[in-house]
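2 protein chains.
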Amino acid sequence: MRLGVLGPEGTFSEKAARRWSPKADLVYFGDFEDILRAVESGSLDLGMVPLENSLEGAVPLVMDVLLELDVKIAGEMSLPVRHCLMSQNPGEIKVIISHPQPLGQCRKFIKEHYPKAEVRATGSTSHAAKLAQEFPEMAAIAGADTAEKYGLRILARDIQDGIDNVTRFALVGKEIPEPTGRDKTSMVVYLDRDRPGALCQVLQEFSLRSINLTRVESRPSKRGLGDYYFYIDLEGHISDGHVQGALVGIKRNAAEVKVLGSYPRA
Amino acid sequence: MRLGVLGPEGTFSEKAARRWSPKADLVYFGDFEDILRAVESGSLDLGMVPLENSLEGAVPLVMDVLLELDVKIAGEMSLPVRHCLMSQNPGEIKVIISHPQPLGQCRKFIKEHYPKAEVRATGSTSHAAKLAQEFPEMAAIAGADTAEKYGLRILARDIQDGIDNVTRFALVGKEIPEPTGRDKTSMVVYLDRDRPGALCQVLQEFSLRSINLTRVESRPSKRGLGDYYFYIDLEGHISDGHVQGALVGIKRNAAEVKVLGSYPRA
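First to last, the sequence lines map onto chains A and B. FYI, my numbering numbers position 18 of the first sequence as 121, with every residue one higher than the one before it. FYI, my numbering numbers position 48 of the second sequence as 151, with every residue one higher than the one before it.
Calculated directly from the structure, the hints in this document are not laboratory data. Bear in mind that the values here come from a model prediction, so they are computed numbers and not experimental data. Errors might be hidden in some of the hints.
Intra- or inter-copy, both count: the list cannot distinguish identical chains.
[To be verified] EDC-like, lysine to aspartate or glutamate: derived pairs with alpha carbons at most 20 Å apart:
no., residue 1, residue 2
1, Lys211, Glu171
2, Lys214, Asp137
3, Lys325, Glu215
4, Lys361, Glu281
5, Lys325, Asp295
6, Lys214, Glu171
7, Lys197, Glu237
8, Lys277, Asp148
9, Lys126, Asp148
10, Lys219, Asp134
11, Lys211, Glu143
12, Lys197, Glu221
13, Lys361, Glu171
14, Lys197, Asp134
15, Lys354, Asp264
16, Lys361, Asp295
17, Lys214, Asp261
18, Lys252, Glu237
19, Lys277, Glu143
20, Lys219, Asp148
21, Lys211, Glu136
22, Lys211, Asp148
23, Lys197, Asp267
The whole structure should be built from the sequences, with the hints applied where relevant.
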């Protein structure tokens, strides 16, 4: 089974993938969009991509690409994320480098301890470690085992801005798995613009049926400022009667509805 | 009047500030958090910071800091944003550099035309232009007039991923301005976790009173995965009777409500 993850070796998406399936044949990609396109085209069986983080919030690129492509969320996994600062030597650090998400998760640490360092984003935590291996003036933010993999010295541990730093990953494939009785469903709803109460009517379809929403997030529709898609995660499988009922109700009020997937709750 | 903007000279927040007040005494800062802290401490009268963009969505750092600090949104301004790629010479471009927001707004262009370039984030579009002035292998993404300011050649124009690219800025101060009859209010609501229908009850307080919501956005509470603040923008001033009525209703259902400001609609 070919499972796509962010590369090179040592990323958190690789860790999530290994935890989900120790035996999968991992394929490394340069960014999350390429992973999802490879799933859509069938050159990958599955892909592991981050959806949101408890400190930094949604991963916008992944949300936008999930809406665009013909793929399905088939699983979710939450991974505790602890970041370290690492470099070749503890000398002067001119550049702090990582993926944009960890840079956001460690913003307070960087501002407090390295206010003069240039903060630079790159494709992944492990790519940042690889660069720190090459350039002594750079320090990377990545997981502790990535320091070991790239022969770097850990300068500081647990540098994320909160104790409870967890990233929620999605396992993405082409099919929606069968219900397990303890599932979640992700969908995207697009409403007619500027109609007071439209979002409320949509949410009521769920509350009427006592369906618990675990996440409501908006993303720009890219059709103009103030025009949004709403991403809704809820408890239940898309084949459940009450979820089906809510979906019928929503379709009466929404201009567009797309089910991103149903999957066992983590 | 001292008005804080992102620096160095040539950023879009500077353009928004100049449009708002051609005569203000502009003060340049390295990041948006420092602008907002200077407003809170009183060393600035006002600050101009981006809230959201029609392609790339919310600016998470600004949302988090607005919630944390004792400041008020006192105005809003929408600025059309057109990006150019610029460098010293049209030779090989190894690095494409800009602020993370423009990099997101031009993602498709970069992926299509410069798939092998290293994409690097820095503090502002104008800082990127300054670096491109220094390093010939770098191309910056910034506005056309920034190319002129830094003596760079424009390699491509209008490279954002959509025609309608607009950034909405907030003018932030210490006081809420008087109602004009055509205002907006921004607030943040924190709900008790995992109560089905809680968000719906909050939104109903608005729809019952025919108050139009112009934005509903969530941000992690940083208290754990799946726990969010909801940012709500609505039409009306906080001193309006029906907005006051909604606020009273919301306070019955929400654990925490913070009014971020009321201001004339752009």
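> For Lys361 vs Glu281, is the C-alpha pair at or below 20 Å within one copy, between two copies, both, or neither?
Replying inline: Classified as within; 18 Å inside a copy, 42 Å across copies.
> Taking 20 Å as the upper bound on the Cα-Cα distance, should Lys197 and Glu221 be classified as within, between, both, or neither?
Replying inline: both (6 Å within a copy, 19 Å between copies)
> Given a CA cutoff of 20 Å, do Lys211 and Glu136 count as a within-copy pair, a between-copy pair, both, or neither?
Replying inline: between (29 Å within a copy, 11 Å between copies)
>> My question is about Lys277 and Glu143: at a cut-off of 20 Å on alpha-carbon distance, are they close within one copy, between copies, both, or neither?
In response: Within one copy only: 7 Å inside, 50 Å across.
>> With identical chains, the pair Lys361 and Glu171 could be close in the same copy or across copies; at 20 Å between alpha carbons, which is it: within, between, both, or neither?
In response: Classified as within: same-chain Cα gap 10 Å, cross-chain 35 Å, threshold 20 Å.
> Taking 20 Å as the upper bound on the Cα-Cα distance, should Lys214 and Asp137 be classified as within, between, both, or neither?
Replying inline: between (32 Å within a copy, 10 Å between copies)
>> For Lys211 and Asp148, with the copy left unspecified, which applies at a CA distance of at most 20 Å: within, between, both, or neither?
In response: neither (39 Å within a copy, 25 Å between copies)
>> Within a copy, between copies, both or neither: which one fits Lys219 and Asp148 at a CA-CA cutoff of 20 Å?
In response: Answer is neither: 44 Å inside a copy and 26 Å across each miss the 20 Å cutoff.
>> When Cα atoms must be at most 20 Å apart, do Lys197 and Glu237 count as within-copy, between-copy, both, or neither?
In response: both (14 Å within a copy, 17 Å between copies)
> When no copy is specified for Lys126 and Asp148, does a C-alpha distance of 20 Å or less occur within a copy, between copies, both, or neither?
Replying inline: within (14 Å within a copy, 59 Å between copies)
>> At most 20 Å between CA atoms: does that hold for Lys214 and Glu171 within a copy, between copies, both, or neither?
In response: Between. Shortest inter-copy distance 16 Å satisfies the 20 Å Cα cut-off; intra-copy 36 Å does not.
> Checking Lys197 and Asp134: alpha-carbon separation at most 20 Å within a copy, between copies, both or neither?
Replying inline: between (26 Å within a copy, 18 Å between copies)
Checked against the numbered hints given earlier, the structure breaks hints 15, 20, 22 and 23 and satisfies all the rest.
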